[in-house]
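My request is simple: use the sequences and hints to build the entire structure.
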Amino acid sequence: MHELSIAGAIVATVERHAGGSAVTSVRVRVGRLRQVVPDSLAFCFGIVARESVCEGARLEIEVVPAVLRCAGCGHEWEIQEPPFRCPECAGGDVAAVRGEELEVESIEVGEEQPCTAPA
Amino acid sequence: MHRTRVRIVEGALDANDTIAKANRADFDRAGVAVVNLMSAPGAGKTTLLERALPGLAGVRVGVLEGDVAGSFDADRLSRLHLTVTQLNTDQGFGGECHLDANMVRSALPEVPLDEIDLLVIENVGNLVCPAEFRVGEDARAMVCSVTEGEDKPLKYPLMFRACELVIVNKIDLMPHLDFDLDRLLANLEAVHPGVPHILASARTGEGVDAVRDWLVGVASRAPVGA
Numbered sequence: 001m002h003e004l005s006i007a008g009a010i011v012a013t014v015e016r017h018a019g020g021s022a023v024t025s026v027r028v029r030v031g032r033l034r035q036v037v038p039d040s041l042a043f044c045f046g047i048v049a050r051e052s053v054c055e056g057a058r059l060e061i062e063v064v065p066a067v068l069r070c071a072g073c074g075h076e077w078e079i080q081e082p083p084f085r086c087p088e089c090a091g092g093d094v095a096a097v098r099g100e101e102l103e104v105e106s107i108e109v110g111e112e113q114p115c116t117a118p119a
Numbered sequence: 001m002h003r004t005r006v007r008i009v010e011g012a013l014d015a016n017d018t019i020a021k022a023n024r025a026d027f028d029r030a031g032v033a034v035v036n037l038m039s040a041p042g043a044g045k046t047t048l049l050e051r052a053l054p055g056l057a058g059v060r061v062g063v064l065e066g067d068v069a070g071s072f073d074a075d076r077l078s079r080l081h082l083t084v085t086q087l088n089t090d091q092g093f094g095g096e097c098h099l100d101a102n103m104v105r106s107a108l109p110e111v112p113l114d115e116i117d118l119l120v121i122e123n124v125g126n127l128v129c130p131a132e133f134r135v136g137e138d139a140r141a142m143v144c145s146v147t148e149g150e151d152k153p154l155k156y157p158l159m160f161r162a163c164e165l166v167i168v169n170k171i172d173l174m175p176h177l178d179f180d181l182d183r184l185l186a187n188l189e190a191v192h193p194g195v196p197h198i199l200a201s202a203r204t205g206e207g208v209d210a211v212r213d214w215l216v217g218v219a220s221r222a223p224v225g226a
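These protein sequences, in sequence, are chains A and B. Heads up: the first sequence at position 14 corresponds to 14 in our numbering, and the numbers run straight through without jumps. Heads up: the second sequence at position 90 corresponds to 90 in our numbering, and the numbers run straight through without jumps.
By construction, these hints were calculated from the structure, which means they are not laboratory data. Virtual Cβ for every residue (Gly too), placed ideally from N, Cα, C. Keep in mind that the hints are not guaranteed to be accurate.
Going by beta-carbon spacing under 7 Å, a handful of chain B positions derived as facing chain A [to be verified]:
#1 ARG7
#2 ALA12
#3 PRO193
#4 GLY194
#5 HIS197
If the Cβ cut is set under 10 Å, some of the chain A residues that face chain B in the computed set are [to be verified]:
#6 THR13
#7 VAL63
#8 PRO83
#9 GLU108
As structure tokens, this is what we get:
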């Protein structure tokens, strides 16, 4: 359900960079720990984008795998599901190295070209 | 149509986090520590605050009450002679299901920061969105009631990992439920190893002293106000 809030934040971020140009696609990177459902995010984006520079834009979502690092032994591993505990030393002091991303990577803006007669 | 790709690489929540920092600077200047209290709807946040806040010795408390609509919770807390500010989220895009930094900022002129030491922000009941949006708090805590079942930490790891204290509420109801406390605590430990918890009942008062002690501890984190 937070996809709606996140879609709103994405559109607001894009608006600050688009300079009023129509945006044709938006590429975002979403870490797995964000618990974002890509289909749901794309659906919400389509709604929030209405009457903004993002109206009709395609949302390309790159899902970033979650990689944790153990503060105790330094082990790094990709986590698929809990527990959030080091598989090597069983330490619980772990932090995400990757997987918490929620960023707008790039946008594609379209500029209307003057209509020219075909050669 | 000619198309140009523009590289941005900006966190979608950076704008929120910038405002959260501004809130935090205001809180620090006033010497106020801030708790962001989160839970699912109906977990008992307001009842717990009603029970815990009047007994906070030596700490002047304010509450910022976030709700989609209405002032039911703020009215309840106002009866206890606490400083309560209502913040409804139903302007703008429907009724937001969470508080963000900007909503809190818009309410700050109504909050008498100079008259309090601790501000408890009671977030909108929701186990998902509030975990995404920092509001300038010193500490985040959540209330998880036994009627919600044992599996919630596994279903909402973002929320359970975001907070530094989990208050397990309504434990007086356990004799009437098929609720396995050990399983809840094991799930909590799997998602957020080492996170402290308090077993509490806002109804009977059990565990409320421990909640007060934690709040007093957070209040002491504020820088000495000007």
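Taking the hints in turn, this is what the structure says about them:
The interface hint given for ARG7 of chain B holds, since its Cβ lies 5 Å from the closest Cβ of chain A, which is under the 7 Å cut-off. Against a cut-off of 7 Å between C-beta atoms, the interface hint on ALA12 of chain B holds, since the closest Cβ of chain A lies about 4 Å away. Given hint, PRO193 of chain B at the interface with chain A, holds; its Cβ is 3 Å from that chain's nearest Cβ, closer than 7 Å. For GLY194 of chain B, the suggested interface contact is upheld, since its CB lies about 5 Å from the closest CB of chain A, less than 7 Å.
Checking HIS197 of chain B against chain A by beta carbon gives a least distance of about 14 Å; that is not within 7 Å, so the hint is violated. This hint holds: THR13 of chain A has a C-beta 5 Å from the nearest C-beta of chain B, less than the 10 Å allowed. Contact between VAL63 of chain A and chain B, as hinted, is not supported at the beta carbon level, the nearest pair being about 15 Å apart and thus beyond 10 Å. The interface hint given for PRO83 of chain A holds, since its Cβ lies 4 Å from the closest Cβ of chain B, which is under the 10 Å cut-off.
Nearest Cβ of chain B to the Cβ of GLU108 of chain A: about 5 Å, under the 10 Å cut. The hint holds.
Hints 5, 7, counting from the list given before, are not met by this structure.
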